[in-house]
Amino acid sequence: MISGMGRLIRMESAESKSQGKRVVKAPRGKEISCRGWGQEAALRLLMNNLDPEVAKDPDNLIVYGGKGKAARNWKCFDEITNMLRELYNDETLLIQSGKPVGAFKTTKHAPRVLIVNAQIVPRWATDDIFWELERKGLTMFGQMTAGSWIYIGTQGILQGTYETLAAIGTKDFNQEGLKGKWILSSGLGEMGGAQPLAITMNDGVGIIVEVDRTKIDRRINGKYLDTWVDNLDDALKLKDKALKEGKALSIGLLGNAATIYPEIQKRGIIPDIITDQTAAHDINVGYIPEGYGIQEAEAFREKEPEAYRKAVYQSIVKEVKSMIWFKEKGSKVFDYGNNLRTRAMEGGLQNAFDIPGYVPGYIRDLFAVGSGPFRWVALSGDPEDIYKIDEAIIANFGYDEHLVKWLKLAREKVKFQGLPARICYAGYGLREKIGLLINDMVKKKILSAPVAIGRDHHDTGSVASPYRETEGMLDGSDAIADWPILNALLNASSGATWVSVHHGGGTGIGNSIHSGFVLVADGTDEAAEKITRVLNADPGIGVIRHADAGYRSSKSLILKGTKFKVPYFRE
0 MISGMGRLIR MESAESKSQG KRVVKAPRGK EISCRGWGQE AALRLLMNNL DPEVAKDPDN
60 LIVYGGKGKA ARNWKCFDEI TNMLRELYND ETLLIQSGKP VGAFKTTKHA PRVLIVNAQI
120 VPRWATDDIF WELERKGLTM FGQMTAGSWI YIGTQGILQG TYETLAAIGT KDFNQEGLKG
180 KWILSSGLGE MGGAQPLAIT MNDGVGIIVE VDRTKIDRRI NGKYLDTWVD NLDDALKLKD
240 KALKEGKALS IGLLGNAATI YPEIQKRGII PDIITDQTAA HDINVGYIPE GYGIQEAEAF
300 REKEPEAYRK AVYQSIVKEV KSMIWFKEKG SKVFDYGNNL RTRAMEGGLQ NAFDIPGYVP
360 GYIRDLFAVG SGPFRWVALS GDPEDIYKID EAIIANFGYD EHLVKWLKLA REKVKFQGLP
420 ARICYAGYGL REKIGLLIND MVKKKILSAP VAIGRDHHDT GSVASPYRET EGMLDGSDAI
480 ADWPILNALL NASSGATWVS VHHGGGTGIG NSIHSGFVLV ADGTDEAAEK ITRVLNADPG
540 IGVIRHADAG YRSSKSLILK GTKFKVPYFR E
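Taking numbering that gives the first Met the number 0, the leading residue of the sequence shown gets 0, the next gets one more, and so forth.
Honestly, the hints are just simulated from the structure, not real lab data.
In this text the structure is predicted, and so the values were computed from the model without any measurement.
Please note that a few of the clues may not be correct.
[Claimed, not checked] No farther apart than 20 Å at their CA atoms in a straight line, the calculated lysine to any residue pairs in the SDA-like style are these:
#1 Lys302 <-> Phe415
#2 Lys564 <-> Leu488
#3 Lys331 <-> Pro359
#4 Lys331 <-> Gly179
#5 Lys432 <-> Lys559
#6 Lys29 <-> Tyr87
#7 Lys29 <-> Ser447
#8 Lys442 <-> Gly179
#9 Lys564 <-> Asp547
#10 Lys432 <-> Thr531
#11 Lys407 <-> Leu429
#12 Lys20 <-> Arg34
#13 Lys104 <-> Arg34
#14 Lys236 <-> Arg217
[Said to hold, decoys possible] Label pairs and their computed distance ranges (CB to CB):
#15 Glu30 <-> Gly329: 56 to 64 Å
#16 Leu435 <-> Ala306: 14 to 22 Å
#17 Lys29 <-> Asp239: 32 to 40 Å
#18 Glu345 <-> Lys443: 53 to 61 Å
#19 Asp58 <-> Gly292: 32 to 40 Å
A virtual CB, placed ideally from N, CA and C, is assigned to each residue, including glycine.
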C-alpha cells in the first residue's frame, strides 16, 4: 500500500496466520523498531494486549470484557504494526474501530495515534444492529482498554475493586477492611478475576462462583485465588473455618450463580456482602445460562440463538431475585457495573434497580476530587523498573498512607501479566507529580527504558455511563456525554501520545461513551511539558464535571486552587 507521503508502507497478509495460533508478545529492552518511543510504546502495548498472559482469547484478538478486541482482525493488526513502524514523529495514525485507515502529517506535539471504537448513531445503537455490523466486519467492540491498548491484565481492575471493598468496610461496617466479613460474588473472568485478591487484601473471606473451570485455574495459577471446590457445602465449610480463625481466604466455587444464589437463600444463610461480576453486559457470550457447561452453551447458542438469549435472561432474573431477597435481609448488595440489573429488567424483573450501583455508593467520592485508576507500564519489560517507581513514590509521597499501603500490598501480592505495570488511585495534582517523577527517573537512567502512563476509561471525567460511572449524578446529568468527548479533545490538544474514544464499554452497546489516553515518559524536557499539561487537564476536567453537577468536594478543591480556570464555582 502506498502512502500519500511518498513512501512505501509494507503490508503483510495475515490470512494464513489467522488459521492457526499466533503467539504475540511485546518486545522488551531499549532497542526500538519504530522511529520514536511514542510509536514504539503504541506498538508494544498493542502487542501486550494480545500476550497470552494478558488476553482472554488472543487467537481471536479478544482481550477482555466479553468480546473486547485490540484490533478488528489479524490483517488489521499486521497493518497497524507496519504503519507504526513507518510512522514519523510528526504524523498521526488513525484507527477506525480496530482498522488503520490512514496517517496524516500533523506536528510533533500532536498524538501519534487517534483511536475511535464502536461509535454508532444513537438510533442504531442496539445490540442486534451493532453486532450485525461487527459480524460484517464494519466495526469492532473495543471495551475500554482493549481497543485503546492500555490493558494491563487483571491488576487493571484490582485496585478499583480493592477501593470499593475498602469503602464498604468504612461506610457500611465502620471498620478498616473487611475482617470478619464474607462476600458472595460470581465471575472470575478478566474483570471479575480481581475479586478474590481484592477481598483478601481487605482481610475478608469470599466465595466466588464461576461456571468455567479454566477461569478458576487461571486465577489459581495467577495467585489471585487461594483455593477452589466444586460444591456449595465444601465452600461454606471453608468460609466458616476461615471466619472462625480470623483468616482472609478466597474460595472459587465451580457452578452457576443462578443455581448457587437461590440455594444459599433457601438455606437461610445471609452473606455480609453480595455482588456479581460476570460479563452480563454482553448477553450473547458473557453469561452462561443455568444447566449448561461451556461447550454445551456454545452449541446451544450456535443452534438456537434466540432460545439461548431467553435462557440467559431467565438465569439472570433468577440470580437477581435472590440478590434482592438478600438485600431485604440485611446484606450489602450492589451492582458492580456489568449491567446485570438492566439485563434482569429486560428479562421481566421490574424491581431489578432496587439494587444500587457501586459508583454512587462507594467510588463517587473519589471521582469528585479527580481520583481514579492511574497506571504506568515499564516498556523495558523489567520488573525492577516498576519496583523502583514503587519505592520512589513511597519515599516522596509517604504522607499518603492509603497509597503507600496499596503499593506495598501490590508488590507483595500482584503477579505481573505481560509487560510489568502498576496501578493506583491518584487524585488531581498527585497524578502530575507522579508522572514528572517517573519522567525524571527515566532521564537520570534510574529506569532502564521509557514508561507508558495512562489510565482506565473508568475515571473521573472521561465517561458517561448512566448504569455505572455516572449513575445518580446530583443534577440528573447521568446520560450527558459531552464530557468524555471534551476529555479526549483536551488530552489530544495537551499532547497525549495517543487518545481514544469508545462506545459501550463496561455496560454494553447503547449505554456508555468513554475516552482514554496514553502518554510516554521518555525522560525528555518535551515529555515533562506534556506530562504537566495532560496530567493536569485529564483529572482536572473530572473535577469540573463533578463541580458542575453540584458536588461540594469538587467545588472545595477548586476554591483551594487549581491549575485551570473556571467561570463558576467561586461562591
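Do the hints match the structure? See the list:
1. A threshold of 20 Å between alpha carbons decides the hint, and for Lys302 with Phe415 the separation of about 39 Å lies outside it, so the pair is violated.
2. For the proposed pair Lys564 and Leu488, the alpha carbon gap of about 17 Å is at most 20 Å, so the pair holds.
3. Pair hint Lys331 plus Pro359 holds up; C-alpha atoms about 14 Å apart against a cutoff of 20 Å.
4. Note on Lys331 and Gly179: the hinted pairing holds, with a Cα-Cα distance of about 14 Å set against a maximum of 20 Å.
5. Pair hint Lys432 plus Lys559 holds up; C-alpha atoms about 18 Å apart against a cutoff of 20 Å.
6. Using a Cα cut-off of 20 Å, the hinted pair Lys29 and Tyr87 holds, with the two alpha carbons roughly 19 Å apart.
7. As the CA atoms of Lys29 and Ser447 are separated by approximately 7 Å, the hinted pair is consistent with the 20 Å bound.
8. Under the criterion of a C-alpha separation no larger than 20 Å, the hint pairing Lys442 with Gly179 is inconsistent with the structure, at around 47 Å.
9. Simply put, Lys564 and Asp547 have alpha-carbon atoms about 14 Å apart, close enough for the 20 Å limit, and the pair holds.
10. About 8 Å separates the Cα atoms of Lys432 and Thr531, which keeps this hinted pair within 20 Å; it holds.
11. With a C-alpha separation of about 18 Å, the suggested pair Lys407 and Leu429 falls inside the 20 Å cut-off, and the hint holds.
12. Proximity of Lys20 to Arg34 is assessed by CA-CA distance (about 29 Å); at most 20 Å being required, the pair is judged violated.
13. A C-alpha spacing of about 14 Å is found between Lys104 and Arg34, which places the hinted pair at or below 20 Å, so the restraint holds.
14. Among the hinted pairs, Lys236 with Arg217 is inconsistent with the structure: their alpha-carbon atoms are about 23 Å apart, more than 20 Å.
15. For the pair Glu30 and Gly329, the beta carbons lie near 59 Å from each other, so the given range of 56 to 64 Å is met.
16. Between Leu435 and Ala306 the beta carbon distance is about 57 Å. The supplied range of 14 to 22 Å is therefore violated.
17. The given range of 32 to 40 Å is broken by Lys29 and Asp239, whose C-beta atoms sit roughly 53 Å from each other.
18. Restraint check, Glu345 to Lys443: a C-beta distance of roughly 55 Å satisfies the suggested window 53 to 61 Å.
19. In this structure, Asp58 and Gly292 break the distance hint of 32 to 40 Å, their C-beta atoms being roughly 21 Å apart.
Violated hints, in rising order: 1, 8, 12, 14, 16, 17, 19; the structure is consistent with all others.
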